[in-house]
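Enquirer: The listed protein sequences correspond, in order, to chains A and B. What the first sequence shows, in this note's numbering, is residues 1 to 281, in sequence order. What the second sequence shows, in this note's numbering, is residues 1 to 1225, in sequence order.
Since the hints were derived computationally from the structure, they do not count as laboratory data. Even for Gly, the Cβ is constructed at its ideal location relative to N, Cα and C. Watch out, some of these pointers could steer you wrong.
[Said to hold, decoys possible] Listed below are several chain B residues computed to face chain A (Cβ distance under 7 angstroms; list not exhaustive):
id, residue
1, 145
2, 304
3, 368
4, 370
5, 374
6, 811
7, 815
8, 821
9, 824
[Said to hold, decoys possible] Restricting the straight-line Cα-Cα distance to at most 27 angstroms, the calculated cross-link-like pairs of lysine-lysine (BS3-like) are:
id, chain 1, residue 1, chain 2, residue 2
10, A, 184, B, 761
11, A, 171, B, 761
12, A, 166, B, 488
13, B, 755, A, 171
14, A, 206, B, 646
15, B, 515, A, 166
16, B, 515, B, 488
17, A, 206, B, 761
18, A, 171, B, 818
19, B, 18, A, 166
20, B, 252, B, 761
21, B, 515, B, 462
22, A, 166, B, 571
23, B, 515, B, 571
Spelled out from the first residue to the last, the chains are:
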Amino acid sequence: MEKERNDGGSSNSGAGVGDGRRRLLTAAVSALLLEIGFDAVEPNVLEIFTEMFQCFISEVGNSSRSYCELAGRTEPVLGDVVIALINMGVTLEGLEKFAARPNRHVLAAPPPTQAPRTPAMLSAGQRARPPYHIPAHFPPLPDPHAYVRTPTHKQPVTEYEAIREKAATQKRDVERALTRFLAKTGDTHTLFNTDDNQMFPLIACKPTFPAYLPCLLPTDQVFDFEELEYHFQVANRTEDIPTSTKKEASDGEAEVGDGENNDSRIKCKSENSMFGFSEGD
Amino acid sequence: MLTAHQILSLTGISFERKVIIGFVELTIVPLRDTLRFIRLNAKQCRVYRVCLNDQYEANFQYCDPFLDICQSHPTTRSLEVFSNCHLVAAQKIDPDHDSGELHIQVPPEAQHLIGEGRGLRIGIEFSLENSQSGVHFVVPEGEGSLSERSAHMFTYGHSARLWFPCVDSFAEPCTWKLEFTVDENLTAVSCGELVDTINLLNNRQKVFHYVLNTPACAPNIALAVGPFEMYVDPFMNEVTHYCLPQLMPNLKNSVRYLHEAFEFYEETLSTRYPYPCYKQVFVDEVEQDVSAYTTMSIMSTHLLHSIAIIDQTYITRKAMAQAVAEQFFGCFITMQNWSDLWLAKGIAEYLSGLYAKKCFGNNEYRDWIQHELAEVVAYEEQYGGIVLDPLQPPAVGTSGSSRDPFYFPLRNIHTISPRYMEVMRKKSHLVLRMLEQRIGQELLLQVFNKQLSLASNAATTKISGGAWGHLLLSTNLFVKAIFTVTGKNMVVFVDEWVRTGGHAKFSLSSVFNRKRNTVELEIRQDCVSQKGIRKYVGPLLLTIQELDGTFKHTIQIENTVVKHDITCHSKSRRNKKRKIPLCTGEEVDMDLTAMDDSPVLWIRLDPEMSLLRSVTIVQPDYQWQYQLRHERDVTAQNEAIYALDKYSTPATRMALTDTIENEQTFYKVRCKAAHCLTKVANAMVSTWAGPPAMLTIFRKMFGSFSAPHIVRQNNFTNFQHYFLQKTIPVAMAGLRNQHGICPPEVIRFLLDLFKYNDNSKNHYSDNYYRASLIDALTATITPVISVVHQGAPITAESLSADTRLVLEEITRVLNLEKVLPCYKNTATVSCLSAIRRLQQCGHLPSTPTLFRSYSEYGQYVDVRMAAFECLVDYVRVDGRPEDLSSLLTVVENDLDPATRHGLVRLLVKMPPFQKAIKHRLDTESLVHRLWNNVNSLLSNDSRLRCDIVDVYFTLYGTRIPLCLPIPELQGVLRQGHHRDHREREKERQREKELEKEREWEREQEIALMKSYNAKLPTMIKTESGAIKRRADSPPLPPKPFPSSLPPSNMPGPNPLILDNIKKEPIEIKTELPDYVENPELPLSHESMPKDEVKHREYLSENSVSLPGLQGPPGPIGFEPGMFQPKSDPHLASKSKKKKKDKKKHKHKHKHKHSSKGRSSSKDKERSHSIPRDKDKDKSQHASKTPIDLVMRVKEDTRETLSSYSSSPSPPPDNMSASNSTLVID
């Protein structure tokens, strides 16, 4: 009885356990039915009975446990069950007689199932003994890899060519995957007269309103405008540069507009650079 | 009548319905007591009430002659007639002629109000609905309230009559009070000072009050209303900038140097800025990037850019400086008559040029001037000399052609082609620059200063002072002012360059005379009778660089041929290396081994560009090379580069390479040198040694340190290098190997550039760089070489390996742009033209669907224009009338005025068909459609109207379009027309010959290339030789040709070609039935002209088919003009003429044929088809015409090589076999 209750409480513990218990319940119900005189039962009905039976046993178990805990015990005793039954409105009279009825079927005990083994913890390395100041009842230390720092990386590839190659390939793959995905999921234009558009799918263009916004505020690249502004200011500053560097700077500026070609016949110097030049990066 | 003051009050501006309701009150001062009618300008407005002094309601009439310009000639379709009517119409409402659309009758009871010098107030209530131009509402579709969607409106153009009644003249300045009632979340920006903003009682609306106390003319009044964000210039508080929501960061960056422009102008002119404030409004969908109005400029929002953008900065900064310059001249000082426009425009341009010189450097400035000069020269040579001030003829030499050389009247601003205005502006600038050189910059600036101070004084007075005239500038006043300031009389100069059109054209050749140690120069002006060119008489500066230095000589030009001997200063010496002093005073080492014994290093003519001229100098290549290497002036370097592409020698290669690599050289010269090197390398392809041109340079400059074949991570801080990095790949992509294709090495190089492009560490955006890489890929594309099956559709599988890679790259970039759009979608723009190029070359099927969707409203404007460019090209090559018609629908109905204008300009630039050449698009309905537009539908949009007039001229010339039936009426006038037609014919012939020559060159190239490809050079050579012989041989003996054309023979050569030209079956079919149906049409009187046109076409296309003309009279060989006499066969005298004409024809055909080296494929085709059919050809004219037709089609599609391919000739047996089967069919 108790065992059954416990089972009911952990009905989700595993399909195998639940299955066996259910089968046992079904067998009990069938036995009772046979005892009463039925020789056949529809599966649905059997199911319903089983369900009722299970509910009943669960209920008995639950409320017995409650009574036992109420009495300050952890293990139910018979009295708890009795009170539970009474409380459920079950008359106890004749129960003994019923239990001792002669023609009752005895069901075979279910085969014992093997408890699933918990997999062994993966252990790496030698567990260290706890230092002497740690009392022995404290849990043991975890595997060393959990707290010891080890140099794990290999020497990175520093060859410029390979890095560039890799970066380029990676970027390209990401871009291609993204665009392919979009092309597959949205409307496309085709370059050929055939319907087959697998090779060169073009994502269809959609009108946007207002059309100028995405184009004037492009998102193809993320700039830190404050930093750019800073570079700009630095490159264009004129106040605090000593004269010699100032000359250099103006030479640099002249590159854009002027080069060395400046025709001396025309007196005009390019004094302003058109943008800044950030010399240092 | 003078206007003293005007109140403009717009009380309702509805964005939903695009309607304006308003009220104006003009205070006018009658000049005489007997004023009965008052005429004002108003267009597309509905006038409800006119009230005089608030008391007397006046009757008014509205009359706009532009509603039907050629009312008096309803059936005409010739531009000649239109041009006259156009002028008449424009003058009928010209406020300078005291007229206008709105005639207000002064009621008798109000007559007492009129008195000389007494002000009269005219109040007019009006509304404006469905405006066609002048006012533009931008209401983007989408969710949210109007202001969330950035809905805004603004006025554009300089035609105030389009949005309120006024005196729409530049010569009528008055003071203004402007009131605008708008929704409370909107801002109204207008001219003058904002004195007050009043919330209306219900708090839903605001009234903006602007007052303009400085007199301004109505065309300079503008308005912009929208949810603008405002930014007060941190350097000048008087300057305010407005932009559309979310663009504030870009705005702040774009305007950061505007104050410098102000400072520069104030300093240069030593005058204060004439107004108390200045406003810049950046709006969407404007027609022109910059329009300056009194105290404000309306600019394109597309000028805005962030700090990371390089290329746009140059444009934006120039544009804004230009607008500020126009505040001084153009807004504050306006013109007396529109013919004085050149002064206002020219001075503003000149000032902004000076600023540009300061801002961007002298090299940039000189390069720009040279470019403008070239543009003006090109325009004048194509269309005729531009007369800046046509009102007053020059004092001397009036004998010149009195009639306008142009197809549009020059006497009114509303009838002038926009392109003309553009070039005229440039010419004005150049003329002012010339003036600067004549009188000195300081004195010229003093003249400006004087005008400005006079005007400033006048502006503070009342109208009664009568001093407002100083606000107007005219040519005469200007000359007078120059005289008072400088004491120099510039009348002659003005007569010569302002009141006379055209430019000078010199060609110079020289010989060194060793004995006398002189250079014998010959300066010729050969083409003085050509369009746009005139004879120059006067001094001409010449500089000779000798071994001992630069020497200037002034030569007096008195005649068309001037010979002059100049004694050299330096003795020729044998030293191979020495220091040579240059004009700048520096001394450079030169390697003189290339020279012969003359001491002349190079010669330059008019080096300062102090004349409007074009110069051709003949000198040996080493002199050009010295000029390129050592002359310090960028214009000289440019000239040298231009000249050097004809001298493909290793020495030229070295000179160009050194120039590209020279860090001291101006970057634009280096870029040009790169393009020139492409041509030189292609010309010397057979002897070229080493890696493809420029590859080493590029790797040296931009390759990374440890792996030169991988491009460095982008770093655009050095702009010189940035521009080179953009240019060199494009230049390299133009390289061709011996097979005429781009070397695979170069394609790989380009693809690697794509692959390794890494902008992550860059401070600047690489969008323009990426776009130029795509342009480079475009430039690698050459006509398809192997076509598997002539008739098979092009699929992804049939692409060649290289094309596949190129297309993959283009697809990737284009797709990526959808997710991560770059600035202005530059990459998409380039991708579209790349795809079109692939279509042209036959790699992709030529279809317009892709471009159509990109050209729709809602795409970015640059993308739309790029798509339209592709569509226009498609229509030109493969289009059907419906395609052209849909383009015209865009022109008529598109929401964006900029697109409408831009598209028409594209149609002018790339006309769908050539004038006077029969074409499937040349239909009567097209004529009528264009005509209706110019004649009446575009009555309010003069700019677009003039644009379409340009198209009309490009397609049909000034006479009646050839595709129209000639009305019987002309039979009466045939004598005259006859002559006309012959003239026209001659003209046409000349044009055709030019065209043919060009084509011939092109085809020679292709032929050459293909001959390599086909690996059948000998065969092709013989073929072309054969053709040449045939062409040179005298015309074939006359053969009788049947008057009835047996249609049964038609399919003869036709299907073959159908087979080859798979793209055009429709066209051919549509034309063919025409022909078949009307075999005996020549006999039916009515449809004769039409048919005859066609026949002329056939004839002019094929000399073989010329069946001699003694045969029975038929339509063959008759020009349109010739036809009329033919229809009247009794005139015996005509027969002689006929013969003459026939001879002419023969001659013409000969010409055409000889000059028209057909491409090898054509040759092949001919060799396969024609010899077989030759006999048939000769005997049966009918079988020939289809060939012609097809030839025509093919010519049109010459760019779509997909159709007929340059395939390495399928075995002739197969070919002929297929022919024969088809013939049997």
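Enquirer: It remains to establish, for every hint, whether it holds in the given structure.
Expert: Now for the hints, and whether the structure bears them out:
Checking residue 145/B against chain A: minimum C-beta separation of about 14 angstroms lies over 7 angstroms; hint violated. Checking residue 304/B against chain A: minimum C-beta separation of about 6 angstroms stays under 7 angstroms; hint holds. Contact between residue 368/B and chain A, as hinted, is not supported at the beta carbon level, the nearest pair being about 11 angstroms apart and thus beyond 7 angstroms. At about 13 angstroms, the closest approach between the beta carbon of residue 370/B and any beta carbon in chain A exceeds 7 angstroms, and the interface hint on this residue is violated.
Because the closest C-beta pair between residue 374/B and chain A is about 19 angstroms apart, greater than 7 angstroms, the hint is violated. With a cut of 7 angstroms, the hint placing residue 811/B at the interface with chain A holds, because the nearest CB-to-CB distance is about 5 angstroms. Checking residue 815/B against chain A: minimum C-beta separation of about 4 angstroms stays under 7 angstroms; hint holds. Hint on residue 821/B holds. Least Cβ distance to chain A is approximately 5 angstroms, under the 7 angstroms limit.
The interface hint given for residue 824/B is met, as the beta carbon of that residue sits about 5 angstroms from the closest beta carbon of chain A, less than 7 angstroms. About 32 angstroms separates the Cα atoms of residue 184/A and residue 761/B, which puts this hinted pair outside 27 angstroms; it is violated. Of the supplied pair hints, the one linking residue 171/A and residue 761/B holds, its CA atoms being roughly 15 angstroms apart against a limit of 27 angstroms. Only pairs whose Cα atoms come within 27 angstroms are accepted, and residue 166/A paired with residue 488/B is rejected, the gap being roughly 72 angstroms.
At most 27 angstroms may separate the alpha-carbon atoms for a hinted pair to count; residue 755/B and residue 171/A meet this at roughly 9 angstroms. Distance restraint check for residue 206/A and residue 646/B: the Cα-Cα separation of roughly 48 angstroms exceeds the 27 angstroms cut-off, and the hinted pair is therefore not satisfied. As the CA atoms of residue 515/B and residue 166/A are separated by approximately 70 angstroms, the hinted pair breaks the 27 angstroms bound. For a cut-off of 27 angstroms, the pair hint linking residue 515/B to residue 488/B is broken: about 44 angstroms separates their Cα positions.
For the proposed pair residue 206/A and residue 761/B, the alpha carbon gap of about 31 angstroms is over 27 angstroms, so the pair is violated. A hinted pair counts as satisfied when its Cα atoms are at most 27 angstroms apart, and residue 171/A with residue 818/B qualifies at roughly 17 angstroms. For the proposed pair residue 18/B and residue 166/A, the alpha carbon gap of about 56 angstroms is over 27 angstroms, so the pair is violated. The suggested pairing of residue 252/B with residue 761/B holds, with an alpha-carbon distance near 24 angstroms, which does not exceed 27 angstroms.
For a cut-off of 27 angstroms, the pair hint linking residue 515/B to residue 462/B is broken: about 75 angstroms separates their Cα positions. Restraint check for residue 166/A and residue 571/B: not satisfied, since their Cα atoms lie roughly 64 angstroms apart, outside the 27 angstroms limit. Between residue 515/B and residue 571/B, the direct Cα distance comes to roughly 11 angstroms. Compliance with the 27 angstroms bound is thereby established for this hinted pair.
Checked against the numbered hints listed earlier, the structure breaks hints 1, 3, 4, 5, 10, 12, 14, 15, 16, 17, 19, 21, 22; every other hint is satisfied.
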